Amino acid sequence: MAHKVCLIRGDGIGPEIVAAVETVFQAAKIDIDWIEVQAGLKCVEAGQPIVPDETIAKIKEVGLALKAPMTTPIGKGSVSPNVTLRKKLDLYACVRPVKSLPGVETPFKNLDLVIFRENTEDLYAQIEYMATETVAHSLKLISEPGSERICRAAFEYARKNKRRLVVGVHKANIMKIADGLFLRTFQRVAADYPEIESWDNIVDNQCMQLVTRWDRYDVLVMPNLYGDIVSDLAAGMMGGLGLAPGANYGDKCAVFEAVHGSAPKYTGMNKVNPTALLLSSTLMLEHLGELDKKTAIEGALSATLARGVKTYDLGGDATTSGFAEAIASELKG
Amino acid sequence: MMTLHGVDVYLNTPQTPDLPKQIGPFELNLISNRGTRVYPGPAPDLVLGDCPRCRYLSESEVTGEQVDELVAHLTGLGWKWVKCQKLFRKDGIDQFSQPY
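As they're listed, the protein sequences go chains A and B.
Read left to right, the first sequence gives residues 1 to 333 (this note's numbering).
Read left to right, the second sequence gives residues 334 to 433 (this note's numbering).
Simulated from the structure, these hints should not be mistaken for lab results.
A quick note: this is a predicted structure, and the numbers were derived from the prediction, not measured.
Wrong hints could be hidden among the right ones.
To be verified - With a straight-line Cα cutoff of 20 Å, these simulated EDC-like cross-link-like pairs (lysine to aspartate or glutamate) come out:
{"id": "1", "chain 1": "B", "residue 1": "K423", "chain 2": "A", "residue 2": "E133"}
{"id": "2", "chain 1": "A", "residue 1": "K42", "chain 2": "A", "residue 2": "E54"}
{"id": "3", "chain 1": "A", "residue 1": "K140", "chain 2": "B", "residue 2": "D383"}
Sequences and hints are given; from them, build the entire structure.
What follows is the structure, given as structure tokens:
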């Protein structure tokens, strides 16, 4: 029976990288019933919210979505479609695997990390005020339930995937109350997983250690803002945002997405790297229990990169569609 | 020059509070929990904290005394507030953010 998945084709280069994923999925003979839902600039231009209520309701009903990048309009009252989805669907766990790929040369050999970013609170609660004419307040909201479920998600992932270490990342030396609550919660949850090694680290030190001793680390868990920054740092270590997959999990649904933007200046040029969305879609296959298909696609991607077929961002001249066709050929071969 | 138009009152309660829709010149504009709007609906299906933010707003300018009276009214109804933040506008533009 076909798996039902909601599909958001996105803005800018979104539709092109979605088409690349469809090419690869067809070659891999994956039976997906794509249910197209609307979100992004087209909705705003039609006078609708950037993520209409019908889209939220459909993703809740289906429980799963694959999402290409969308553009956040600039201007008063504009909201991020990505943050809207995370908030309205309570997708509290942003999971960003960061792994070296064959044929992608970086100074960081044998990189293999998984970053768990809390996705719904912290400074992203978007509670801001001008308190006086000259002073702005932005409220950092950390809750015990919010911290507990992201830490537990990280440890559960480590247990399920036989990972050896979970590190809690914070700035509790300065934000002793808010980050202190996150740290205490991390330590309490860690005690429930005695077979998994754990320690905590201050976020600035963690950034330094990632680029000097990345092989020490395994699973990292942190509040929202640090997760935003550290996961992009780690994506750069992997070779760039064009390669980095992402998944957002809640208790009732999951949304898989490339973490890069919609790159409007490359729209229609058949130029950008579809790897990030393709690897996000293989995370989705894992979520669906299609592990053989996941392994086959990732193997075909690795083989394609290893024989030097690359898009411009990796120094190659393959087009988006050409790169997808090359992966499809590996699967058919 | 900023003008005063309302107040965000953070209550200590485990559920979305059933509050008066109007108090003096103020209307209940929204309630959010952990930064996400839960009133008016549709309320998303999310984990709630015990500190909802209740926003009372007035289109016309109000006084600090009227804000004090609103907060005292809520206290009189038995609600326990933990934090209040006055809401200003400048040149007709809100000087406070909107929740998702």
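Here is how each hint holds up against the structure:
Distance hint between K423(B) and E133(A) is fulfilled; the C-alpha atoms sit about 9 Å from each other, no more than 20 Å. The suggested pairing of K42(A) with E54(A) holds, with an alpha-carbon distance near 15 Å, which does not exceed 20 Å. Of the pairs offered as hints, the one joining K140(A) and D383(B) holds, with about 16 Å between alpha carbons and a cut-off of 20 Å not exceeded.
The structure agrees with every numbered hint stated previously.
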